[in-house]
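Chain B is fixed; fit chain X onto it per the hints.
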Amino acid sequence: MVVAMGWTGAGVDGSLLGRIPVGGTEPTSAYWPITDDLSALRHRVRDYAFEAGLDGIPLQDLVLAVNEAAANVLDHAYGKGHVQAWHDDRQVTVEVHDCLGELRPAHAAAGDPGAATLRGRGLWLMHQLCDEVEIINEPGGAAVRLRQSYGRRPHR
Amino acid sequence: MNLTVDVETAGPVRTLTLAGELDHGGAPHLQQALDDAYTCGCRQLIIDLTGLSFCDSTGISVLLGARRVMAARRGDLALAGVNARVERIFRLIGLAEAFPTYATAEQARAAITPA
Numbered sequence: 001m002v003v004a005m006g007w008t009g010a011g012v013d014g015s016l017l018g019r020i021p022v023g024g025t026e027p028t029s030a031y032w033p034i035t036d037d038l039s040a041l042r043h044r045v046r047d048y049a050f051e052a053g054l055d056g057i058p059l060q061d062l063v064l065a066v067n068e069a070a071a072n073v074l075d076h077a078y079g080k081g082h083v084q085a086w087h088d089d090r091q092v093t094v095e096v097h098d099c100l101g102e103l104r105p106a107h108a109a110a111g112d113p114g115a116a117t118l119r120g121r122g123l124w125l126m127h128q129l130c131d132e133v134e135i136i137n138e139p140g141g142a143a144v145r146l147r148q149s150y151g152r153r154p155h156r
Numbered sequence: 001m002n003l004t005v006d007v008e009t010a011g012p013v014r015t016l017t018l019a020g021e022l023d024h025g026g027a028p029h030l031q032q033a034l035d036d037a038y039t040c041g042c043r044q045l046i047i048d049l050t051g052l053s054f055c056d057s058t059g060i061s062v063l064l065g066a067r068r069v070m071a072a073r074r075g076d077l078a079l080a081g082v083n084a085r086v087e088r089i090f091r092l093i094g095l096a097e098a099f100p101t102y103a104t105a106e107q108a109r110a111a112i113t114p115a
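Here the protein sequences line up with chains B and X, keeping their order.
Residue 140 in full-length UniProt numbering sits at position 140 of the first sequence, and the numbers go up by one each step.
Residue 11 in full-length UniProt numbering sits at position 11 of the second sequence, and the numbers go up by one each step.
Bound conformation, chain B alone (with noise of 0.2 angstroms):
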């Protein structure tokens, strides 16, 4: 079983508690400020999407997602934000929340930037990994969603 961990309190407000489903008997999400230890996150959202039962190259793929995500925040949002997560029976939803908001959906269709540019694979690189991959303009920021199915996905 999946508890919460990592709840600080801090940087949670009543609408984004709102948005987590609150599926079974107890919510089962997760919650964790963005810092510059990119690799703790990443073991966190390993342990955390493992758990609720993603495994192999798919669990590789997403915590990889979640890391350009909040790689982003770290370069272009002053590395101010924060991840949550929760899981149902179909999937593990992961958002990566920055306190900028200059995402836009636009951004998240973003084409492949192709060799000659050495920055801004991040998002580009999130699709190829996420089965879904959704910008989301919130007061006060944006958050990238990523969601990854248990059911195995076609090879890439």
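Derived from the structure by calculation, the hints contain no laboratory data.
Just to be clear, a hint being listed does not mean it is correct.
To list a few chain B residues with every Cβ distance to chain X over 12 angstroms, as calculated [to be verified]:
id : residue
1  : F50
2  : Y78
3  : R90
Example chain B residues on the side facing chain X (calculated, C-beta under 10 angstroms, incomplete) [to be verified]:
id : residue
4  : A71
5  : D75
6  : L125
7  : L129
8  : I135
9  : I136
Derived contacts from chain X toward chain B, CB cut-off under 10 angstroms, selection only [to be verified]:
id : residue
10 : D36
11 : Y38
12 : F54
We treat Cβ as the ideally placed atom computed from N, Cα and C, and that holds for glycine.
Okay, now just chain X, sitting in the frame of chain B:
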């Protein structure tokens, strides 16, 4: 530190052996080692990724930067020990053919060392 960069120079060939995680936090360490190599006029460079447990787009951007610098100075850059995980990321990004790759640093050295 989540990434270590071991530097070895043998004649004209410099080998950077990475261990750990080449991510947002580790990339600056690799960049520093690359900048040192450029300062020394290095034109034959091998980056050994055998010990990498993680690589993200920030890390790959640094590798692409090295590729660009070495191409500009008509040098060689080869990667060694690209594991399945890193290879998959290269492929997803569309860079499967961007670097000459060798199973080991020894093989890379044999391939790019000037005769």
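Each hint, compared with the structure:
{"no.": "1", "hint": "F50", "result": "holds, 16 angstroms"}
{"no.": "2", "hint": "Y78", "result": "holds, 14 angstroms"}
{"no.": "3", "hint": "R90", "result": "holds, 24 angstroms"}
{"no.": "4", "hint": "A71", "result": "holds, 4 angstroms"}
{"no.": "5", "hint": "D75", "result": "holds, 8 angstroms"}
{"no.": "6", "hint": "L125", "result": "holds, 5 angstroms"}
{"no.": "7", "hint": "L129", "result": "holds, 7 angstroms"}
{"no.": "8", "hint": "I135", "result": "violated, 17 angstroms"}
{"no.": "9", "hint": "I136", "result": "violated, 21 angstroms"}
{"no.": "10", "hint": "D36", "result": "violated, 20 angstroms"}
{"no.": "11", "hint": "Y38", "result": "violated, 16 angstroms"}
{"no.": "12", "hint": "F54", "result": "holds, 7 angstroms"}
Checked against the numbered hints above, the structure breaks hints 8, 9, 10 and 11 and satisfies the rest.
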